[in-house]
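2 protein chains.
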Amino acid sequence: MSKSAFISMAVIRRLPRYYRYIHRLWLDGVTRISSRELADRMELTASQVRQDFNCFGEFGQQGCGYDVALLNTEIAKILGLNEGYRVIMMGAGRLGSSIIENFNFESRGFHLAAVFDSDPNKIGTEIDGLKINDPADLEGLCGGRECPEIGVLCVPREVARECALALKKAGVKAIWNFTSENLYDLGLVVENVHISDSILTLGYRLNELERELYG
Amino acid sequence: MSKSAFISMAVIRRLPRYYRYIHRLWLDGVTRISSRELADRMELTASQVRQDFNCFGEFGQQGCGYDVALLNTEIAKILGLNEGYRVIMMGAGRLGSSIIENFNFESRGFHLAAVFDSDPNKIGTEIDGLKINDPADLEGLCGGRECPEIGVLCVPREVARECALALKKAGVKAIWNFTSENLYDLGLVVENVHISDSILTLGYRLNELERELYG
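Protein chains in written order, with the working numbering: chain A, 1 to 215; chain B, 1001 to 1215.
Think of the hints as simulated: they come from the structure by calculation, not from any bench.
It cannot be assumed that every hint is accurate.
To be verified - Here are the simulated distance ranges between beta carbons:
id, chain 1, residue 1, chain 2, residue 2, range
1, A, Asn121, B, Arg1032, 49 to 59 Å
2, B, Glu1083, A, Gly57, 38 to 48 Å
3, B, Met1009, A, Ser8, 37 to 47 Å
4, A, Ser47, B, Arg1145, 38 to 48 Å
5, A, Gly63, B, Asp1028, 16 to 26 Å
6, A, Ser34, B, Glu1101, 17 to 27 Å
7, A, Tyr214, B, Asp1067, 29 to 39 Å
8, B, Glu1139, A, Ala10, 26 to 36 Å
9, A, Ala10, B, Gly1140, 21 to 31 Å
10, B, Asp1185, A, Glu210, 34 to 44 Å
Keep in mind it's a predicted model, so treat the numbers as computed, not measured.
Positions of the beta carbon are idealized from the N, C-alpha and C atoms, including for glycine.
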């Protein structure tokens, strides 16, 4: 599919957003969309959209717009949504539980395979049909060739590094990091969740609005 | 400060990321950084960085790099971090509590002013030193001229719209939306948090890595 071996991270980071919009259009029964319309909805420029899609191949014919169903399938493929990656959740505290209960891993092509928490009151109990395990049993339960590919870190920052290292030792390849610990040096694929970015954008937009209204 | 009245949302959405990197450099005592170095750290191109900063004014001299302390102050100003916006939290369930306890509003220039939850077992109790109030008292407690500017929605999707409308009625101008409800039609500034975007990026990068390793 991909035309070039190197695609910049900036483009890759826009793909999930594209997927959200395209998937929604597809669910709504829209069959074609122009780069202009898509750009307007996503607050991008039409030439940006065309450039981005060009990195991955041909999704449309000039003047006819893009085929929404094709875009939907192809972006899902590029994102690896059909890989069925398995996920280990580390930490079933407030944040971890809230993700387990509210985030639909399956609908995004992921499978939540196991949950670990060091709280003795939680070990052995269930959350959303999954048993909460003792982190001491991580390697025994998940280690080796069959180890899930992704670990989700919802632990306190102080134990994040130790926890990531234990995941790596068990065979995990990638970390979805909800802590503020910097884990780039561990030789794992790491994605940090920075929810603060969106409240800063909100603050900016509110500030702009007030300047417009009150000068 | 801003050179042009219109700055695209794509640039604005990059600002919090710039701020995170620049603020970190500033804390680390770095005094100057080139667009190239900054671009490398942020997985952007140097010309993108120069273009983005150009939208807001002059932060550096050609060939000398950017003044980190100046960038830090100016981006904070552009983002409105000194506005001291006040925040109402709607929902003190797992997600809401986890945000109240883990997200440092103050360090980002925001002030958490009040918390509401409809659970009778929670009303009247405290979280992080703040009393949890009955949503029926929203307008009485927060309404009018002194209404906080921002409402955070950590409620079930089914009540998100009703809750956003109550916030609007009380005088809230902006919504930080953790639900999957689409609230763009309410005439409020709305920022959605899409944590799924980052696990999709993670899936993509993992997929790429495996293709490199195993062909």
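For each hint, the structure was consulted:
At roughly 51 Å, the beta-carbon separation of Asn121 (chain A) and Arg1032 (chain B) lies within the given 49 to 59 Å, and the hint holds. Taking the beta carbon of each, Glu1083 (chain B) and Gly57 (chain A) are about 44 Å apart, inside 38 to 48 Å as hinted. For Met1009 (chain B) and Ser8 (chain A), the hinted distance range of 37 to 47 Å is not satisfied, since their beta carbons lie about 20 Å from each other. For Ser47 (chain A) and Arg1145 (chain B), the hinted distance range of 38 to 48 Å is satisfied, since their beta carbons lie about 45 Å from each other.
Between Gly63 (chain A) and Asp1028 (chain B) the Cβ separation comes to about 51 Å, which falls outside the hinted range of 16 to 26 Å. At roughly 46 Å, the beta carbons of Ser34 (chain A) and Glu1101 (chain B) sit outside the given window of 17 to 27 Å. Separation of Tyr214 (chain A) from Asp1067 (chain B) is about 31 Å and conforms to the stated range, judged on CB atoms against 29 to 39 Å. Our hint of 26 to 36 Å for Glu1139 (chain B) and Ala10 (chain A) is violated, since their Cβ atoms are close to 44 Å apart.
In this structure the hint that Ala10 (chain A) and Gly1140 (chain B) lie 21 to 31 Å apart at CB is violated, the actual value being about 47 Å. Against the hinted window of 34 to 44 Å, the Cβ-Cβ separation of Asp1185 (chain B) and Glu210 (chain A) comes to about 21 Å, which falls outside the hint.
When held up to the earlier numbered hints, the structure conflicts with 3, 5, 6, 8, 9 and 10 and fits the remainder.
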